[in-house]
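Here the sequence shown stands for residues 1 to 379, numbered as in this note's numbering.
A couple of the hints might just be wrong.
[Stated by the list, open to error] When the alpha-carbon atoms are kept at most 25 Å apart in a straight line, the in silico DSS-like pairs for lysine-lysine are as follows:
1) LYS62 <-> LYS113
2) LYS49 <-> LYS137
3) LYS62 <-> LYS49
4) LYS259 <-> LYS291
5) LYS137 <-> LYS118
6) LYS199 <-> LYS218
7) LYS223 <-> LYS259
8) LYS18 <-> LYS199
9) LYS141 <-> LYS199
10) LYS127 <-> LYS62
11) LYS137 <-> LYS179
12) LYS18 <-> LYS272
13) LYS272 <-> LYS175
14) LYS272 <-> LYS179
[As the list claims (entries may be wrong)] Label pairs and their in silico Cβ distance ranges:
15) GLY261 <-> ILE38: 41 to 49 Å
16) GLU351 <-> GLY261: 41 to 49 Å
17) ARG220 <-> GLY274: 40 to 48 Å
In short, the hints are calculated from the structure, not lab data.
Computed from a prediction, not measured in an experiment: that's the story for all the values here.
All residues carry an ideal CB built from backbone N, CA and C; glycine is no exception.
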Amino acid sequence: MVRERVSVVFNRRKTVEKCGFGYVEIQIYLSRTGRKFIGLGKCRPNELKNMISSLEVQNELKRCKDIISAMLLFDDEMTVQQFESYYLSKKKSRSNNFYKGTDQATNFIIYLKESIDKERFSDGTRKHKICTLEAVKRFGKIRTFADLTPKNILEFDEWLHDGSRTDVSVHTYHKHLRKMTRYLRMADMIPVDPYERVKLSRGKSKERQPLTEDELDKLRAIKLTEPLDHVRDLFIFAAYTGLAYCDVQVFNFDQMTEKIGNIYYIDGERLKTGTKFFTPILTPAMEVLKKYDYNLPKITNQKGNEYLHLIQHAMGLRKSLTFHVARHSFATLAISHGVPIEDVARMLGHEDIRTTQIYAKILKSTINEYSTKLQDSIK
1 MVRERVSVVF
11 NRRKTVEKCG
21 FGYVEIQIYL
31 SRTGRKFIGL
41 GKCRPNELKN
51 MISSLEVQNE
61 LKRCKDIISA
71 MLLFDDEMTV
81 QQFESYYLSK
91 KKSRSNNFYK
101 GTDQATNFII
111 YLKESIDKER
121 FSDGTRKHKI
131 CTLEAVKRFG
141 KIRTFADLTP
151 KNILEFDEWL
161 HDGSRTDVSV
171 HTYHKHLRKM
181 TRYLRMADMI
191 PVDPYERVKL
201 SRGKSKERQP
211 LTEDELDKLR
221 AIKLTEPLDH
231 VRDLFIFAAY
241 TGLAYCDVQV
251 FNFDQMTEKI
261 GNIYYIDGER
271 LKTGTKFFTP
281 ILTPAMEVLK
291 KYDYNLPKIT
301 NQKGNEYLHL
311 IQHAMGLRKS
321 LTFHVARHSF
331 ATLAISHGVP
341 IEDVARMLGH
351 EDIRTTQIYA
361 KILKSTINEY
371 STKLQDSIK
């Protein structure tokens, strides 16, 4: 009976077809009208078997089954609220043990490393989290949960600002550490989130320079050999669709496109944020798809950016060439051709239009064009 009430479900949100990944959850069946879902992470279909058999998932399954057994034994109401009272109280008592030092995981460094090892991240996110872990270790003043104080966070910030990191890099370190402190506070593992007691300056980000239409044309025309040719084509596809690198890598033409009139559109969901986007496949991007028979080449983001820098030097381009610049170039291109910024936000999958304003550099030529129209309309 317990086994039937607790099971693992995959792809309940139907994301595999669009994104290539599905969410793995434990489903607890409590009654005909009461079910509880506990998220375990996400994976590709071919990774599901290994994920389910992992020690972490099996331990969580056992924990849920034990709670159901206790509820049945004590004749408790089979409701979501009752299940959560057991589930959260177990977590809370376990959490208090961590902080009070009755558990070996009082060592924050060990706990942080184990958390990174357990979670499923993209390669880029994992790299950033590991860099944050190494920075905390080198800083040396945050070793235990009790060391997570506002004073130490401020000193950590000062330590990060030693001149070797940009403001954006420092903000990234704090972003990943703050996610952990916020979780620890919510789980009652620390008495207060130290970041709630300090105010840190985000600093200024280095402005990315998007490519102009002329520069995009030159990039399309330059003669390259493999693998530079493949990387250039992926950049062009991103620059004329607005897709982020990770979304380009999971793009599936058959499953993610629809045709309206003579234009194909990508109707998808961003891997990074889960937000939906709807964007056209402009002619240069369509030419890339046809070249590869609608199956784009696969390459890691790191290696792709290394090749893009080689292409940048071959072109004599002073602007930095990365996959993210392609996304900025699309936004700027759309704005310069009169697409309203609200529509550009929808194309890029931005929930906040302020993010789109960062992406879309308003060119002087665009301002001049609209200023001329404005001037002509004023008598």
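Outcome of the hint check:
| no. | hint | verdict |
| --- | --- | --- |
| 1 | LYS62 <-> LYS113 | holds, 24 Å |
| 2 | LYS49 <-> LYS137 | violated, 34 Å |
| 3 | LYS62 <-> LYS49 | holds, 17 Å |
| 4 | LYS259 <-> LYS291 | holds, 19 Å |
| 5 | LYS137 <-> LYS118 | holds, 19 Å |
| 6 | LYS199 <-> LYS218 | violated, 45 Å |
| 7 | LYS223 <-> LYS259 | violated, 32 Å |
| 8 | LYS18 <-> LYS199 | violated, 39 Å |
| 9 | LYS141 <-> LYS199 | holds, 19 Å |
| 10 | LYS127 <-> LYS62 | violated, 31 Å |
| 11 | LYS137 <-> LYS179 | holds, 17 Å |
| 12 | LYS18 <-> LYS272 | holds, 13 Å |
| 13 | LYS272 <-> LYS175 | holds, 15 Å |
| 14 | LYS272 <-> LYS179 | holds, 16 Å |
| 15 | GLY261 <-> ILE38: 41 to 49 Å | holds, 45 Å |
| 16 | GLU351 <-> GLY261: 41 to 49 Å | violated, 28 Å |
| 17 | ARG220 <-> GLY274: 40 to 48 Å | violated, 32 Å |
Hints 2, 6, 7, 8, 10, 16 and 17 from the earlier list are contradicted by this structure; the remaining hints agree with it.
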